[in-house]
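Chain by chain, the residues run as shown.
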Amino acid sequence: MLSRAPLDIPRLIAERRPGYSLAAPFYRAREIFDLDLEVIFGRHWIFAGVEAELPEPGDYTRLDIGHLSIVIVRGDDGAVRAFHNVCRHRGARLVTQEAGCVGKLVCPYHQWTYELTGELIHASHMGEDFDPSCHGLKPVHLRSIGGLIFVCMAAEAPADIDDLAAVLEPRLAPFDLRNAKVAKQVDLVEEGNWKLTMENNRECYHCAGNHPELGQSFNKYAVGFVPDADDHAGQAEAAAYEAQVTAQVADWEARGFPSVAVEHLSGRATGFRTERIVLDGAGESQTLDTKAACRKLLGGLTDAKLGGLHLWTQPNSWHHFMGDHAVTFCAIPLDPEHTLVRTRWLVHKDAVEGVDYDLDRLTEVWNATNAQDAALVELAQQGVRSPAYEPGPYSPLTEGLVDQFATWYVERLRAHLG
Amino acid sequence: MSVSASAAPAWWDPDTDDLLICRAVLTETEDVKTFVFEAPGGRRFAYAPGQFANFEVECGGGIETRSYTLASTPTRPDRVAITVKRIPGGIVSNHLHDRLKPGDALKAQLPLGDFSTARHPAAKYLFLAAGVGATPLMSMLRAEDDLASGADIVFVNVARRMEDLVFRRELETIAARNRAVRLAHVVTGEGAEPWAGHRGRPTRAMIEAIAPDFRDREVFVCGPDGFMAAVRGVLAEAGFDMGRHHEESFTFGADASAETPTVPEDPAEKTWRVTFTRSGKVVLCDGTTPILTAARKAGVVLPSSCTKGLCGTCKSKKLDGEVEMKHAGGIRPREIEAGQVLLCCSRPRSDVTIER
Chain S
1 MLSRAPLDIP RLIAERRPGY SLAAPFYRAR EIFDLDLEVI FGRHWIFAGV
51 EAELPEPGDY TRLDIGHLSI VIVRGDDGAV RAFHNVCRHR GARLVTQEAG
101 CVGKLVCPYH QWTYELTGEL IHASHMGEDF DPSCHGLKPV HLRSIGGLIF
151 VCMAAEAPAD IDDLAAVLEP RLAPFDLRNA KVAKQVDLVE EGNWKLTMEN
201 NRECYHCAGN HPELGQSFNK YAVGFVPDAD DHAGQAEAAA YEAQVTAQVA
251 DWEARGFPSV AVEHLSGRAT GFRTERIVLD GAGESQTLDT KAACRKLLGG
301 LTDAKLGGLH LWTQPNSWHH FMGDHAVTFC AIPLDPEHTL VRTRWLVHKD
351 AVEGVDYDLD RLTEVWNATN AQDAALVELA QQGVRSPAYE PGPYSPLTEG
401 LVDQFATWYV ERLRAHLG
Chain X
1 MSVSASAAPA WWDPDTDDLL ICRAVLTETE DVKTFVFEAP GGRRFAYAPG
51 QFANFEVECG GGIETRSYTL ASTPTRPDRV AITVKRIPGG IVSNHLHDRL
101 KPGDALKAQL PLGDFSTARH PAAKYLFLAA GVGATPLMSM LRAEDDLASG
151 ADIVFVNVAR RMEDLVFRRE LETIAARNRA VRLAHVVTGE GAEPWAGHRG
201 RPTRAMIEAI APDFRDREVF VCGPDGFMAA VRGVLAEAGF DMGRHHEESF
251 TFGADASAET PTVPEDPAEK TWRVTFTRSG KVVLCDGTTP ILTAARKAGV
301 VLPSSCTKGL CGTCKSKKLD GEVEMKHAGG IRPREIEAGQ VLLCCSRPRS
351 DVTIER
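If you read the sequences in order, they're chains S and X.
Everything in the first sequence is counted per the UniProt record's numbering, starting at 1 for the first residue and increasing by one.
Everything in the second sequence is counted per the UniProt record's numbering, starting at 1 for the first residue and increasing by one.
It is worth saying that the hints were derived from the structure and are not from the lab.
The calculated DSBU-like cross-link candidates involving lysine-lysine, where the alpha carbons are at most 30 angstroms apart (straight line), are:
1. Lys317/X x Lys184/S
2. Lys281/X x Lys33/X
3. Lys107/X x Lys297/X
4. Lys181/S x Lys317/X
5. Lys349/S x Lys317/X
Pairwise CB distance ranges (calculated):
6. Pro333/X x Gly383/S: 47 to 57 angstroms
7. Phe130/S x Asp320/X: 39 to 49 angstroms
8. Ala338/X x Gly354/S: 15 to 25 angstroms
9. Asp320/X x Gly281/S: 53 to 63 angstroms
10. Thr277/X x Ile9/S: 54 to 64 angstroms
11. His67/S x Asp320/X: 38 to 48 angstroms
12. Pro333/X x Pro18/S: 53 to 63 angstroms
13. Arg268/S x Pro333/X: 36 to 46 angstroms
14. Arg361/S x Cys59/X: 51 to 61 angstroms
15. Gly281/S x Pro333/X: 41 to 51 angstroms
16. Glu56/S x Ile21/X: 53 to 63 angstroms
17. Pro333/X x Asp176/S: 20 to 30 angstroms
18. Ala338/X x Arg295/S: 28 to 38 angstroms
19. Glu128/S x Pro333/X: 28 to 38 angstroms
To be clear about the criterion: a stretch of chain X counts as covered by chain S if any three or more of its residues have a C-beta under 8 angstroms from a C-beta of chain S, and this derived list gives those stretches:
20. 300-309
21. 330-341
Only a predicted model underlies this, so the values are computations on that prediction, with no experimental measurement involved.
Glycine residues also receive a C-beta, built at the ideal position from the N, C-alpha and C atoms.
Chain S extracted, bound-state conformation (with noise of 0.2 angstroms):
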């Protein structure tokens, strides 16, 4: 009888080796994909979702993560607040559909009752020495940075969080993205752990060879792309999108868009990249023709031409913000070998479909990215099943940003496991 050993995780993440890729077992265990639950999902910030989803008091999202669910609300008061989805009578789940509009957050058991601060308003039959003061629902740190909403289910979030906060308000603001709505969203389950999922999204090394629709609008070395130093022809194209960056980056600046590249993906908590962009042919949207796909812009901006502002955020999502429209995409293990990721397409929220902008042109360039990624992430999954598999390099040239990616996973492993 074969008997396996239980996996030895610090040593899994001792011997990991830096500028390559994971050990099959962080693809591929269940202790670890348990692991990356409780500590990366369950005590980093975590990308849920936009608060354009939620335009009015009483609607809510929910979010599961593994074992965990939280309803995200916002209140008669306006704040967008964030719960763990479980009674406090006896822990059914309180909210059972995906988004909805609420008057109270009711628990369909026995009707307890919350208002949407969480504070236990009604619970019948419970005796005089109920106290209700003491069961209002157990709240999960939320920060609404430019209209992304960030949770932390940590009893203490990370600090960091303000990082991010200070250099992402100046660059969306211009977006107004809480007064965006959500013109279409789409849920695609990736065949592959969330890892594979995500190292695919930090490199553009994959980006020639399957997204020619992306690739009208998004210039291969924008993200980390170096040419090899005998590609003449690559020289010059880097060279060329080089200087034309220079000069458009220094315009936007001048003109109050913050623009240049700002990394932090490792060496901390609340890791991620920002960096505005600049996009090829008419360089106003990632459309296939370039040019904006909503004729009404987002937040007050009168031009189009602004590129796409890129940002990533560890350990789960990225966005392009351009001017007509922003796309977001968050990602959501479901188990060691499924990976939901769910993409958002944010235009204006006075925009009407089929006047300011049609829904296909919108969609189609990221539908179809998206379906290529997968099926990428799907053939890294098989292929790291088998026992042929060992971590392999990553391009110094290409994959540096994924190597970030690996680095700060294992530093936080490694963090929390002391």
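Fit chain X to the given chain S structure using the hints.
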């Protein structure tokens, strides 16, 4: 043999069989009809003249309950009759006028009420009737006449027009041959038939002219609220012993109000029918009672918890009608716009249909 068969008269008892079978529909005036009923098995009716009974009428997809005076007299116990005015927009009165025909069945309950000469025996009476308010007084008059009681009765019958006087010919016939009965018609408006007699609302002068000895009489008044109030005022002002003044409002009970033109127009003071489409049940609910409360009293079980407009458990789709809702945050403006209501804190302002 035949003696034993008829020894114990079988009385109608709604506890064992509450059906009444319509045997005739008679036209009294252009908007008043009399419906005559027989009990199953030839059972007989026992009641006091002037009493009313609650009738259940199936109409409009539900069951309506209304109170109607038995205009018939218990001295003719084989049949009962109700005399009903068609009320514009009235659900039940229109149904009865347009649909009920001989052979149809209605359910009824035991006759009730103290508005009866049997409860207030006297040698001399003054009956003041307006419109279909004549029905209980007609029942009492028929009984006194049938029994040859010798009671001295002055019957004042008021209508808008001569042609609207209910029971006019029968009253005239009784008064013509019963020397103890005197009849006075009063009209308040103009009609096709000329009238040179008493006109307008009852005044002290009018009552003194018709029955100078009214202070000696037991007074029974039935008609619209305004009419009864006017009579009350005249009698009180004349120093009448109000202990001998009896009146019957057509707004008695909640059930009759929708049929009565005299009720106030404020929808909060009316009684409305609430129809639940899934259960098919119909509940009567007045404008001051939350629909959930009325439903619970009527045995209609609905989901609910806080009953304070807070938890939203009783949230239901309102398919039709108007309510006044005072919630405590358990429902959102968008939900209200979409036709949702909280039944625990919604009071009807019209007939209401709820998807439950």
